[in-house]
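All chains should be modelled from the sequences, with the hints used to inform the complete structure.
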Amino acid sequence: MPESKGRFGIHGGQYIPETLMNAEIELEEAYNHYKNDPEFNKELTELLNEYAGRPSNLYYAEKMTKDLGGAKIYLKREDLNHTGSHKINNVLGQALLAKKMGKTRLIAETGAGQHGVATATAAALFGMECVIFMGKVDTERQALNVYRMKLLGADVIPVTSGTATLKDAVSECMREWTTRIDDTHYCLGSVMGPHPFPTIVRDFQAVISRESKAQILEKEGRLPDYVLACCGGGSNAIGSFYHYIGDEGVNLIGCEAAGRGIDTFETAATINTGKLGIFHGMKSYFCQDEYGQIAPVYSISAGLDYPGIGPEHANLHDTGRAQYVAITDEEAVNAFEYLSRMEGIIPAIESAHAVAHAMKLAPTLGKDKIMIVTISGRGDKDCAAIARYRGEDINE
Amino acid sequence: MSNTAKAFENGKAFIAFITCGDPDLETTEACVVEMQKAGASLIELGIPFSDPTAEGPVIMEASLRALENGCTTDKIFDMVKRLRTERGVTIPMVFMTYANVVFSYGIERFCKKSSECGIDGIILPDVPYEEKEEFDVICKEYGVDLISLIAPTSHERIAMIAKEASGFIYIVSSLGVTGVRSNITTDIPSLCAAVKAATDVPCAIGFGISTPEQAAEMSKSADGVIVGSAIVKIISEYGKDAPAKVGEYVKSMVDAIR
Chain A
788 MPESKGRFGI
798 HGGQYIPETL
808 MNAEIELEEA
818 YNHYKNDPEF
828 NKELTELLNE
838 YAGRPSNLYY
848 AEKMTKDLGG
858 AKIYLKREDL
868 NHTGSHKINN
878 VLGQALLAKK
888 MGKTRLIAET
898 GAGQHGVATA
908 TAAALFGMEC
918 VIFMGKVDTE
928 RQALNVYRMK
938 LLGADVIPVT
948 SGTATLKDAV
958 SECMREWTTR
968 IDDTHYCLGS
978 VMGPHPFPTI
988 VRDFQAVISR
998 ESKAQILEKE
1008 GRLPDYVLAC
1018 CGGGSNAIGS
1028 FYHYIGDEGV
1038 NLIGCEAAGR
1048 GIDTFETAAT
1058 INTGKLGIFH
1068 GMKSYFCQDE
1078 YGQIAPVYSI
1088 SAGLDYPGIG
1098 PEHANLHDTG
1108 RAQYVAITDE
1118 EAVNAFEYLS
1128 RMEGIIPAIE
1138 SAHAVAHAMK
1148 LAPTLGKDKI
1158 MIVTISGRGD
1168 KDCAAIARYR
1178 GEDINE
Chain B
8 MSNTAKAFEN
18 GKAFIAFITC
28 GDPDLETTEA
38 CVVEMQKAGA
48 SLIELGIPFS
58 DPTAEGPVIM
68 EASLRALENG
78 CTTDKIFDMV
88 KRLRTERGVT
98 IPMVFMTYAN
108 VVFSYGIERF
118 CKKSSECGID
128 GIILPDVPYE
138 EKEEFDVICK
148 EYGVDLISLI
158 APTSHERIAM
168 IAKEASGFIY
178 IVSSLGVTGV
188 RSNITTDIPS
198 LCAAVKAATD
208 VPCAIGFGIS
218 TPEQAAEMSK
228 SADGVIVGSA
238 IVKIISEYGK
248 DAPAKVGEYV
258 KSMVDAIR
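Which chain is which? The protein sequence lines are A and B, in order.
With our numbering, the residue at position 160 of the first sequence is 947, and numbering never jumps.
With our numbering, the residue at position 90 of the second sequence is 97, and numbering never jumps.
Simulated from the structure, these hints should not be mistaken for lab results.
Keep in mind that the hints are not guaranteed to be accurate.
[Said to hold, decoys possible] In the BS3-like style, the derived pairs of lysine-lysine whose C-alpha atoms are separated by at most 25 Å in a straight line are:
1) Lys119/B x Lys1062/A
2) Lys1062/A x Lys120/B
3) Lys886/A x Lys822/A
4) Lys203/B x Lys147/B
5) Lys82/B x Lys1062/A
6) Lys853/A x Lys1147/A
7) Lys1062/A x Lys139/B
8) Lys147/B x Lys792/A
Small disclaimer: the values here were computed from a predicted structure and weren't measured.
Right under this line is the structure:
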């Protein structure tokens, strides 16, 4: 009897070509072995601390808290990690795993370029070959990150098929992996795709909530009332939520990209506008038409511009454990500017979606409430695009 | 015996793939008629999907053209019905598409309609053995074969997959995606022998086959050969004038394996 693995409620699974099945099984077996291996964990912790700069700060945003006049706001500063985002947490884990498995080449998709930069960085550090697939549209709106990846020694392949954005980069990575499996590890960047990726990536990102829980207990002596994170595929969100899932008093809120609004076709808010489907190796919610054709989604944020969401989030939505709200481009850009001026922290436009919801929610809560907002990445990469959005043309 | 397996009754089978609706369904319909006339044993009707992750550029682009031209699953069901009732197509026909096309339509509704309009099987390249039950139980109820795929990387999985196969087994000749290849480097005879040791269900080889010479070589080991991208390429080149050209090409391939 066939057994479907990697399920989160009805979501997840392994909907991939037979060609990749043994590679996924090999990866799962290697991961199950190394995740409990003290030597592996010691090496990974050392990399995270000495190389990536962990633990990341849990910063009390005092000015923002006072300005909004409600809940006490803490920012989990993943933007301070080496390479500028949470992506490095997962990449160091996967690259180390790939190295242990004898792989010499990393391939990865990237949207905003943060995961691509992180993967190129790990490849440089481990002396591995690296190829990054990036939608052509994204290579244009994130030109700085393309240069960073090349500087780090990676080949960047612009993907022109479909909408030439993140989903097409993922598809192209899957095609590339079926072509070259023996020496290549697909370093998937989010909690999506076929099993075991949603579990592996979640475990490597769970360091965010493992730290924040200890930090908030130390600072406040109690757990937060709210944890907010932006959510595309959902890796920083699941990392921010994971160690609070069992703590029922902690409200978990994922902030999706509504683009120009969830009542328009130019949106990427999967939970708010999508329906159940099977794509990119997993069963989950996807933006799609009545015949199951995947929708050409849109968001100002290249990192959230994806028509699906990780299967564990889909299940957290089904069970009501987490809530998913939609934030428009305009709200995110306002939050991008707000946090810059208020706290002197320029967040990634992705993270600005979480900041935007905090700006709405905090004033409605009492001063005795505590909120943690994950700043998943820094916003330097977005400055040119936001300037353009505001009608100002600057040279990068 | 399933209807699909009948394709293998008269010597080596030639299996022809076509992307439905490229450039339009009238052309697809005419091509299917010509392919039967030219001696094809089974037709694979590709239902276009927006993001076909197992396809190379030729079929990917054909799929996008078909969708842009308004092709839908329902219109394809109507075409199949016409092929069976008005155009005299009697050879087995199977759908090749992706899991989400079937899932979003409703697996039960999709299988029922397939069976009613004369479809004999379904190939879903993104549904491996571990995930097939959700589809297979309903397919069986409606007498539609869910075709199993075996790849050069399947190794010890071959027997497990082959033992539960129905209709025919689709042997993937090479790593990577669909598309014409000048060289197929997999040890095809060994792969076929491993499949045949596990089952009596006939097997056909696809991925990368385009020339009569390749087809002749492959048919030494397998019960049939599958050609897709080479046909889709002819259609993309000749458009509405493709049916006659496709017929000629299929005849040359059929002659090479029989």
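Evaluation of the provided hints:
no., hint, verdict
1, Lys119/B x Lys1062/A, "22 Å, holds"
2, Lys1062/A x Lys120/B, "22 Å, holds"
3, Lys886/A x Lys822/A, "14 Å, holds"
4, Lys203/B x Lys147/B, "23 Å, holds"
5, Lys82/B x Lys1062/A, "23 Å, holds"
6, Lys853/A x Lys1147/A, "14 Å, holds"
7, Lys1062/A x Lys139/B, "21 Å, holds"
8, Lys147/B x Lys792/A, "23 Å, holds"
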